[in-house]
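Participant: Top to bottom, those sequences are chains V, Z and H.
Okay, so the first sequence: first residue is 10 according to my numbering, each after it adds one.
Okay, so the second sequence: first residue is 540 according to my numbering, each after it adds one.
Okay, so the third sequence: first residue is 26 according to my numbering, each after it adds one.
Be aware that one or more of the hints could be misleading.
Stated by the list, open to error - Covered stretches of chain Z (in silico footprint by chain H; criterion: 3 or more residues with CB under 8 Å from a CB of chain H, positions within the stretch not fixed):
1. 607-619
2. 632-639
3. 664-671
Everything labelled a hint here was simulated from the structure, so no lab data went into it.
These numbers come from a predicted model, not from an experiment.
C-beta atoms are modelled at their ideal positions from N, C-alpha and C, and glycine is treated no differently.
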Amino acid sequence: MAAEAKTKAAVVAGGTKKAGAFNRFDNPWLNWKFLAGVSILGIIFFLIFLGNTFWDTSLALNASAPLNLPPYGMEYQKGKNNILVGVPEHPLGTENSGRDMLALLIVGTPRTLGVGAIAASVGMLVGIFLGFLAGFLGGWIDDVIRLATDITITIPSLLVLIVIQSVLGSVDLITMALLISMFAWATPTRYIRAQVLTMRESGYVQMARLSGVPTRNIMFREIMPNLLPYLAASYIGNMTGAIISAVGLEVLGFGPQRIPSLGVAIFFSIEAAALLRNMWWWWGIPTVILAIVFIALLLINLGLDEIANPRLRKAN
Amino acid sequence: MSEQRETGSERVVLDVDNLRIHYATPQGDVIAVSDISFELYEGETLGLVGESGCGKSTTAYGILQLVQPPGYIVHGSIEVDGTEVLNLTEEELRKFRWTGLSLIPQGAMNSLNPTMRVKAQIVDVIESHEGKANYESFRERLSVFLRKIRRPRRGEPLKKYLGEWLRNLTLLLRYEPLKERIFDLFQAVGLPNRIYNMYPHELSGGMKQRVCIAMGVALHPTVVIADEATSALDVVVQRIVAQTLVEVKDEIGVSLIVIGHDMGLLAQIVDRIAVMYAGKIVEIAPVENVYANPLHPYTQLLIDSIPSIKERKPLKITEGITHDPRNPPSGCIFRLRCPFAWEHCALEEPPQINVEAKHEVACHLFDEQFEERRSNAFAAIANS
Amino acid sequence: MGGLSLNYIMRRLLVFFLTLWVAATLIFIIPRLAPGDPITAMVARMSQQAGFVENADLIIEGWKERFGLNDPVYVQYLRYMGNLLRFDLGLAMARFPSPVSQLVSRALPWTIGLVGIATLIFFTVGNLFGALLAWTKTPKLVKVLIPMSMIFTSIPPLLAGLLLVYIFGFLLDIFPQAYAYHHSFRQPEFTLKFIGSVLHHGFLPAMAIVLVTFGYWALGMRGMMVTIEGEDYMILAQAKGLKPFYVLYRYMIRNAILPQMTALAVSIGTLVGGSVLVEVIFNYNGMGTLIFTAIREQDFNLIQGTSFILIVTSALAVLIIDLSYPLIDPRISLEGK
Ligand SMILES: Nc1ncnc2c1ncn2[C@@H]1O[C@H](COP(=O)(O)OP(=O)(O)O)[C@@H](O)[C@H]1O
Ligand code: SF4
Ligand SMILES: [Mg+2]
Chain V
10 MAAEAKTKAA VVAGGTKKAG AFNRFDNPWL NWKFLAGVSI LGIIFFLIFL
60 GNTFWDTSLA LNASAPLNLP PYGMEYQKGK NNILVGVPEH PLGTENSGRD
110 MLALLIVGTP RTLGVGAIAA SVGMLVGIFL GFLAGFLGGW IDDVIRLATD
160 ITITIPSLLV LIVIQSVLGS VDLITMALLI SMFAWATPTR YIRAQVLTMR
210 ESGYVQMARL SGVPTRNIMF REIMPNLLPY LAASYIGNMT GAIISAVGLE
260 VLGFGPQRIP SLGVAIFFSI EAAALLRNMW WWWGIPTVIL AIVFIALLLI
310 NLGLDEIANP RLRKAN
Chain Z
540 MSEQRETGSE RVVLDVDNLR IHYATPQGDV IAVSDISFEL YEGETLGLVG
590 ESGCGKSTTA YGILQLVQPP GYIVHGSIEV DGTEVLNLTE EELRKFRWTG
640 LSLIPQGAMN SLNPTMRVKA QIVDVIESHE GKANYESFRE RLSVFLRKIR
690 RPRRGEPLKK YLGEWLRNLT LLLRYEPLKE RIFDLFQAVG LPNRIYNMYP
740 HELSGGMKQR VCIAMGVALH PTVVIADEAT SALDVVVQRI VAQTLVEVKD
790 EIGVSLIVIG HDMGLLAQIV DRIAVMYAGK IVEIAPVENV YANPLHPYTQ
840 LLIDSIPSIK ERKPLKITEG ITHDPRNPPS GCIFRLRCPF AWEHCALEEP
890 PQINVEAKHE VACHLFDEQF EERRSNAFAA IANS
Chain H
26 MGGLSLNYIM RRLLVFFLTL WVAATLIFII PRLAPGDPIT AMVARMSQQA
76 GFVENADLII EGWKERFGLN DPVYVQYLRY MGNLLRFDLG LAMARFPSPV
126 SQLVSRALPW TIGLVGIATL IFFTVGNLFG ALLAWTKTPK LVKVLIPMSM
176 IFTSIPPLLA GLLLVYIFGF LLDIFPQAYA YHHSFRQPEF TLKFIGSVLH
226 HGFLPAMAIV LVTFGYWALG MRGMMVTIEG EDYMILAQAK GLKPFYVLYR
276 YMIRNAILPQ MTALAVSIGT LVGGSVLVEV IFNYNGMGTL IFTAIREQDF
326 NLIQGTSFIL IVTSALAVLI IDLSYPLIDP RISLEGK
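Take the sequences, apply the hints, and build the full model.
Facilitator: This is how it looks when you write it as structure tokens:
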């Protein structure tokens, strides 16, 4: 926020003062929010990589470690006189069924992010296709796509996913990602359609049309490159939504149970009343990791917004 | 320049002196308005003309203290009725606005708040400067209402009776003390009363422009600035709206600056014309003088390009401003396009030269020491 | 003038009814797409869990007969649709013979209340904060404090709920950890004490939704305000010398709130999904907890019924927002005429 305060001085009412630092003219991709978000995700991936290299990830399996150990350096009063003390072999503690929390994070975090990435990618591809189709062709195709989009957005996807999963039972992560993507196309479609419509009316696309450039070329040479920051922002937003859906389904007990992801870990902890037993590390650590991931995604999204929209940049 | 103030009996209402406005960009400042000075006399209409991008709007916004970032005023002085506008505090400036200086904006199409009725947008400017209109209290209105209601007369049509009842009730519940005043404004600009309750999107372009004119003169400001007020309209409406502008101005007795790029249209409504090129005023004179005897080479180009004044000639102004506005050429700003330019023009910036009464021009040709060069140049033109 | 255009209303109603139809059909088709029939699948799952179910075949046949699963599919579909129209959602199998509609009608008001109040709060606070962020006259301190209050933005409400219930329910013990009102009330009553208890219990769940959501609205509002600051009418408003605060609410917020309303309609689906999970965390007496219970008890009929009613409610909320939109945007009423 320090950067905000600095450039603020440049925007004096009435503009009677000399403009201050030229931050707003810098390379738009040097946006602190964008960079911070990317860095946080980068650090998380790096830590996962380190963990995979140096930690025994099989400890994420059931009964591979002692039960209910608190993180190293902490104590946990189990019963009256039954005090458990954290040990260095399990620095983040263990849970109810003998999984090492650190191993669980190393294994679970990429799985959770993966579900989001797959669902968002599929949704995005469909969204780009339908969005361009609707925006470019118009007519009844546009009407049908818009209607489908409106309906899909209105229906709370979580509820339909619950109905589906309650038939299928718990599924593997890829299936879950594909199920989520059934709803993840609507928002990008709507967004891209609107952007395509705006771009279509803009000068350079009109010029290209007048000079007889084929529609396909206009789409991919003129519109796509300009849409990139919007597409990226939309993708990140989509990924956030997909992870939220996945975690939600997992917390309801629909996740894969053998090798847990973060949401499944939270499900187990709720099942075992970890809250009342004060086993805060069990649900707390996955929650904090997820929260950091979401904050990073939000920062990237905000950064991309400012990259795509110079006015927002200027207002900072 | 200052001699003029004494010679004419007219009072100066707006005195712009040495005003300079820049836009900050990454490659350096764009010099949009470059040390311009001019005066506006009471009751006069001054036209500010020049091709697109020469800094007309920026000048207007500078005078109004509305330059938008990244623009900023470098230096200058703007006096309205002796008040230095640049020295006003924020609150003083707010109060001064619209009563001292008002604006009829360039983009009248989008200059009205889309979610407010026309009446509300005129009421708000009146009320924020004159205080809340003198509302009678509800009790007073109630007593008026009670006095007015009566039994139906014998043989009186029920419809008429109920109509009167309804009118009284409306007066009681929705008292609009400024209604008559707004209707007067509407009449002055030729708007029908029915738009009183309408939203901007229900009006045509010409109507919106008239609403802006009505709004601009609502407080009888000292100076009204109309920035390309008619440019967005089609040609027929343009003339009518321009005519309205002049009529309203005469009726209310304000001083007016009309900005435009259409010399032909401006000629019909202004008293004096200031010709602007690349941020500078190159010639300023009464409108007849400019047409009868354009002095500055740029003005001559402009006049030549008006189809309606002389016979149709190919438009000479095809290039627009050719130099980079961040690095203007040395000496005369126009020298890169000027057919008469010679070495001296690159050395020294031409001063404002008073050629005849109220007729000033910024060109070295009119310096007495270059008398001969001038006659030769103009003779050559006449021969071709 | 000023009325809603017929076209607009028709389109909104079309979307509404199509949404209901699509949702109902999906819910009808999904179990039939799965291998086997739902009853057999359910009994299979029950026996999986319990290890053994007595007379499984008889149970299956009996229920199939009872639920008409032996009829042709289209007959089933028509009967199913007919039942939905009469709001007959069948019986909760696991809580035989409680009708689903009865369970739902007990739970739904709590969910509507929770989500409604949370929405009211985050929409108001979010838009206000966003407007203040963009306004040039906002004090510096406020402009620093508001972004700081938004750090929870984008975290799912579920996780916020976990953190809140742990900190304020468990560690500090100033708010209850579960249920919509104190267990000493056997059923809802209209007393101040009861209302107080409801507010006390509802605070954390509502906050779980509000804390993570209002930031989005603040950011959206800020973006809209920035866009509006560049509009021509803002320059005229400045030139008119109107009072700054008046310009803020009558020119800026008034225009910026319109797209925010549209965005609210779009976000209802996500919002309802989030609140279902928050209810699970807080064991709140609403639809989310009902669904969770149904999932636990493998009560497919109850899952279907609850989901369908929640979808209907969401669609209705969207419809209401969409239909009230023309009332605040004078331009809509003219479109399509
Ligand atoms: N926001 C801006 N940033 C940079 N340059 C600007 C900006 N606005 C205007 N200018 C420059 O200032 C000059 C004058 O613009 P303007 O006053 O709008 O001209 P006019 O009204 O005569 O068409 C132009 O050369 C234009 O390029
Ligand atoms: S000063 Fe020189 S260049 Fe400038 S207008 Fe006069 S003759 Fe042309
Ligand atoms: Mg202009």
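Participant: Please go over all the hints and tell whether each is borne out by the structure.
Facilitator: Status of each hint after checking the structure:
1. 607-619: Three-residue rule not met by the segment 607-619 of chain Z, so violated; n is 1.
2. 632-639: holds (count 7)
3. 664-671: holds (count 3)
In summary, the one numbered hint that this structure violates is 1.
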